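Undergrad: Sequence:
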Amino acid sequence: MDKKHPRYGPADSLTSPRFSGIRTYARLPHVTDLAGVDVAIIGVPFDTGGTYRVGARFGPQAIRAASALIRPYHTGSGVAVFETQSVVDYGDVPVVPGYIEESYKRIEAGLVEVLKAGVIPIDLGGDHSIALPELRALHKIHGPVALVQLDSHSDTIDSYFGMPHTHGTPFYRAVNEGLIDTAHSSQV
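Under the working numbering, the first residue of the sequence shown is numbered 18, with each subsequent residue one higher.
For the record, the hints were derived by calculation from the structure and aren't laboratory data.
Source: prediction; values computed, not measured.
Restraint ranges, calculated between C-beta atoms of paired labels, are given here:
id	residue 1	residue 2	range
1	P181	A52	35 to 45 Å
2	P46	L167	28 to 38 Å
3	T199	H47	33 to 43 Å
Glycine included, C-beta positions come from ideal geometry on N, C-alpha and C.
With the hints as extra help, turn the sequences into a complete structure.
TA: Right under this line is the structure:
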């Protein structure tokens with residue numbers, strides 16, 4: 018454990034009720050200084066790439082609200098979930114509703130910042146289109162990445178209604194930009 022930096026974990030429900038306080042993932046502290054942090058939860062409230070049922074922009078809020086009941090100790094497995102990792106809620110990427118390209122730039126830049134700090138990001142989205150700027154950020158740091166995609170759709174079409182950036186196109190773009198190591202990737 019790094020003595021210079023605090024170890025972050027969820028608030029204790031015996032000192033702070035689960036229904037109170039600022040809504041963060043699993044009641045983790047909201048922290049923007051990544052020194053000493055192992056994992057950062059990041060909201061990406063974006064659904065401008067959606068073409069049919071929008072509302073995924075509310076995903077990060079809903080996930081955070083539902084996560085209030087997550088406990089730091091899993092009684093079934095005997096695992097103290099947050100004991101070995103310093104985990105924080107890093108907040109939301111400041112996306113611009115209605116502006117795909119600008120939002121993509123912000124998502125990519127925000128994720129690159131986290132990755133450069135050596136922190137593992139866990140993004141809460143957002144529609145499937147956000148996979149493209151996320152993969153661009155990962156590529157900047159790690160090069161082409163292997164991908165396991167679990168989805169009922171492959172999201173590999175060139176365009177949807179003439180639009181190149183939608184929930185159905187991110188992996189087509191990512192493969193064509195060389196972001197994905199296709200020899201070691203799979204779609205299920």
